[in-house]
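A.B. asks: Spelled out from the first residue to the last, the chains are:
2 protein chains.
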Amino acid sequence: MSNIDNLSVNIIRALSADAVQKANSGHPGLPLGAAPMAYELWAKHMKHNPKDPKWSNRDRFILSAGHGSALLYSLLHLFGYGGLSIDDLSQFRQSGSLTPGHPEYGHTVGVETTTGPLGAGMATAVGMAIAERYLSTKFNKEGYPIVDYYTFVLGGDGCMMEGISSEAFSLAGTLELNKLIVLYDSNKITIEGDTDIAFTEDIQKRFEAYGFQILIVEDGNSLEKIGAAIEAAKEDKSRPSLIIVKTKIGYGCPAKEGKASAHGEPLGEENVKALKEYLKLPANETFHVPGEVYEHFKKIASKNIEAQEKWNEIFERYCNAYPEMKKLWNQYYNLDIAKELLENEEFWSYQNKPDSTRNISGMVINRLKDLVPGLIGGSADLAPSTKTYMKNEGDFSKDNYGGRNLHFGVRELAMAGIGNGLALSRLHPYVSTFFVFSDYVKPMARLSSLMKLPLIYVLTHDSIGVGEDGPTHEPIEQLAMLRSQPNFTVFRPADATETIAGWYHAITSQKTPTALVLSRQNLPQLLGSSKAALKGGYIIAEAAKDVPDAIIIASGSEVELAIKSKEQLEKEGIYVRVVSMPSMEIFEVQSKEYKESVLPKGVRARVAVEAAAEFGWGKYVGIDGAYVTMQGFGASAPAADLFEEFGFTTENVIAAVKSVL
Amino acid sequence: MSNIDNLSVNIIRALSADAVQKANSGHPGLPLGAAPMAYELWAKHMKHNPKDPKWSNRDRFILSAGHGSALLYSLLHLFGYGGLSIDDLSQFRQSGSLTPGHPEYGHTVGVETTTGPLGAGMATAVGMAIAERYLSTKFNKEGYPIVDYYTFVLGGDGCMMEGISSEAFSLAGTLELNKLIVLYDSNKITIEGDTDIAFTEDIQKRFEAYGFQILIVEDGNSLEKIGAAIEAAKEDKSRPSLIIVKTKIGYGCPAKEGKASAHGEPLGEENVKALKEYLKLPANETFHVPGEVYEHFKKIASKNIEAQEKWNEIFERYCNAYPEMKKLWNQYYNLDIAKELLENEEFWSYQNKPDSTRNISGMVINRLKDLVPGLIGGSADLAPSTKTYMKNEGDFSKDNYGGRNLHFGVRELAMAGIGNGLALSRLHPYVSTFFVFSDYVKPMARLSSLMKLPLIYVLTHDSIGVGEDGPTHEPIEQLAMLRSQPNFTVFRPADATETIAGWYHAITSQKTPTALVLSRQNLPQLLGSSKAALKGGYIIAEAAKDVPDAIIIASGSEVELAIKSKEQLEKEGIYVRVVSMPSMEIFEVQSKEYKESVLPKGVRARVAVEAAAEFGWGKYVGIDGAYVTMQGFGASAPAADLFEEFGFTTENVIAAVKSVL
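Protein sequences appear in the order of chains A and B. The UniProt record's numbering applies: residue 1 is where the first sequence begins, and numbers increase by one. The UniProt record's numbering applies: residue 1 is where the second sequence begins, and numbers increase by one.
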């Protein structure tokens, strides 16, 4: 190890320890142990340009062990990313700083994805590696390798224990994603103590089982060995690689090294001093970076700038040689079809016959595939049921990286994490499973929202309409679960028009993920449905009276029931307005006037009708309102029997309306 | 294979195919392929007594691939469980029948756990195997092996792909749960087609990595080979076993065998006939069971009855020899401490100083461990933070199966599934992680609710009170997520008294799981808090006026803020009632009169104050109400800064109250 390398590694360690100590909060253990591998990778093996952090052909780096954020911020500072200053480091974990507790995508330049929930970064990395294979197949031409990058992901024992990493890596092996390189910071310590208490599996063997190349670095401080392993990983053309780097948590801090207490709390001022002494750095200086270190990093960065300049030049020639590819590239990266799509009559067309909304969704997907070149997606082994297959577009596999249909296997959570990775790679992805299994998807859906990624969740088989499969397969509380999530849109359409509106909303959304919640069973085409569904809630059937006696608010399959009930009530001289509410979230952001026009404050006789938990409807029906909703879980029987059994009848809705008059 | 064995296997196949065909819905593929292994296991290797399905020392059988329920029902029928008749089989998947689409615990006698969400049964089985090791260590005496049973679990490719199985089996290997035996129905087919499209991993190697014994049966129709593998699995005294049984999905049905279409739809009448012809059964008879087959199963069952009688005799002698153990046994199996605990002053005592509710919870756990002998629990590698460690009770490990502290590793989802398995084994388990990671836990928490298991979820670090760890670690929508789930109680206490009340509720709950949502930060002890918290919502600070001008409803850390705001408003002549609402669910089931006394319909000026998403509060504040709740996600900063930044100030609460007056 050269002196400057050694010094650089130790400066990263000291900066990280200082940041945590100053904040009096954070995780020094990982940065101290993993600094050598991170430095070696960033300095000598990774293609990245601090001056253009969004360069499309950069290598990706993901810190899946997001609690080690101080390590990442130290690197970003030394490389000169986004002007991340020493001040920013010293504001670690403080209000409004660029250096939050866990790395946040969109908040700090150079952070490729938000991490913190362990394992998440692993699945996201697999998504990025899939995107690279896909995009390179779509775009590269002989002599023009314009898409050609590696995805590096660094994680620890926690990431390895989480089920999501097993799901994601099993798929990565199947797909032979050879440009995925996993660095495993193996320090044998977790919060409760030695990993032996819960985690004695043979990681090497496990990853061999997935089809990975395994490389082992016994000395996590040896830059040379780490570097050799990274190069060996790059050279494998048929397998992803796992590099097991054996480290010591809290390395260099005599009182903490190798101990669980090094993980998640500041070392303490005296220990930080002891660390610096051990590392032969000035013990009393904080946030200290020698000029020669800055110089050293600047030199590395400039080599990378050259690499990009070379790529720019190739890309320019490529665009000249293949103007149609240039056009396609722009369509991938700068698609704006909102206006065009809104007026595209064919897009909005449907057959006027009863149909399931999952079927209609399938039809829409097959229209969109030609309009949105970046559309790519698939299901967790349910495509024939969720109707998410793009016809004639091929299956993404090790033999066909250009296929647009992804097969995730029975792995809902990794699917969503991979979806995030695809969205971060500027594709337009959708993922799909049964609505009830959104439970499995939730942790990654939350990250879609946090990162403002417009990932589309196609969730079919909603409500007790599932029927015979019974309560384990019948979503009840899932609407509330997803509606309550910030920056997430749930859309539960009532018929074809509303389903198309839902897809329109989802595909044109820029910063918000959307869940399309779709029926298994056939639904009729409703007379009053329209593009007004794009407002989230609208009057689908008006009362024959200036001020209605009551309002029924319903969504999805229950809108038909609401309209039927309204018609019967009319015969009794009770005049009811029916509001179709496919999306509470979209309705909420409409103007105050619009909302008042749909749900006038003066009309307090209100009934919510939805085959789901009532939770959340109180906002619209208020203290005086009534509910025709699900109590408890569903049951196993034909769907029609269940709707009857659980009270979704005109009789019940009429009684509910009368109860609030 | 003897004739009667062969005939029995084929009758199971035909019954399963008939049930699915009659229902015109269901999954025939697994029963046809897996009938031999299930028959061999149930007939010759499993200790179970249809006449006493709850015999504590029975071997457990879990059909993790729950969609194959027709297989399980056929077995239960032939063995004479709970009078499951041919009529019941013919009512498969119909309203009110004993044979729902997926096996439901508590609904059909002989079903050990609810399955359907793939992988769930795997984690539950691990929980049961842990329970067996624990109970056998606690109770067995020289010559009295009164707890001594195997846990068998049968799953397919889907179960193997789900991350939860990786989590659970890695832990099972670490813990050397040798009495756990996994039967893997390996048919290489999933819904989207051949498993090769998404799942080429080497299962044998993967399970070797976990520390399992691997046994392979190449011919899934060979009862002899299956039987030998099961016996070899039983003989391994230090490792759990995986038996890979290679089968053909839809075996015996010429048009469907080996095809994805055999999985999840009826074979079709003609194909059912062809199947029966192939199996040499009368092709035109449905639900046909020859008398000799019933006789055969009766004979097997009677051997099992003898086994139990022998056990009964040993157990009686054991009780005589160890009367104190008999007492302990009854405490495990029939504990009723509700009344005693309510009056136990020491249990309700606390120090009058600011403290975090997670800390108080830790204190309560250490009181309960002596009062509830079946209490066992642990955390997903966060015990030092979640304060869930039982002092002086040891750690459950391969070297100490009597330890009461479980180390789940960083595996939240499997933890909850294992918790269900412990609860099904009549222990009193709790599981713990950070509240935000209830996202990971959700799919199994749903099964706790469905199965009516009073599993306790200790979820600490609630709200933006998490502080520096930032938005990935700050729960916002998780309260709504869990509150909306049927048969689940969320309890978010404001101080020590309410925390103890929460634990009281949780530990005395018989049929409902409870989540205790606890603060990381210190909270003051409130003057008005009391056992009235057991009603879910109560007046913690009354307005100095007969009819209050307004009501503030708050929970947890925000109750203090509500009270402070009330006090300031009083100085301005505005008289406000403060309602502490630790649990909406418990409040909801109080009498109408009580609810009206706390939240009188006449008082419409209402404000909800909670550092979480507002979703769900509309029910209490109504159309005229106001919210001081979280918009969007949190941020990374010291907690006190965040409460200020996100508007949890008396100023804001006062403004909200004034806005609704």
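Don't read these hints as lab results, they were simulated from the structure. It cannot be assumed that every hint is accurate.
[Claimed, not checked] Residues on chain B that point at chain A, a partial pick, calculated with CB under 8 angstroms:
1) S25
2) R93
3) G143
4) P145
5) Y322
A quick note: this is a predicted structure, and the numbers were derived from the prediction, not measured. Just so you know, even glycine gets a beta-carbon here, dropped at the ideal spot from N, CA and C.
A.B. asks: Can the hint on R93/B be confirmed by a CB-to-CB distance to chain A that is less than 8 angstroms?
C.D. replies: Status holds, d = 4 angstroms.
A.B. asks: Using 8 angstroms as the Cβ threshold, decide whether Y322/B counts as touching chain A.
C.D. replies: Hint violated; Y322/B Cβ to chain A Cβ min 32 angstroms, cut 8 angstroms.
A.B. asks: Can we keep the S25/B interface hint, with Cβ of chain A closer than 8 angstroms?
C.D. replies: 4 angstroms, holds
A.B. asks: Given P145/B was flagged as interface, is its beta-carbon under 8 angstroms from a beta-carbon of chain A?
C.D. replies: Since the shortest Cβ distance to chain A is 27 angstroms, the answer is violated.
A.B. asks: Taking the closest Cβ pair, is G143/B under 8 angstroms from chain A?
C.D. replies: 32 angstroms, violated
Of the numbered hints stated above, those contradicted by the structure are hints 3, 4, 5, listed in ascending order.
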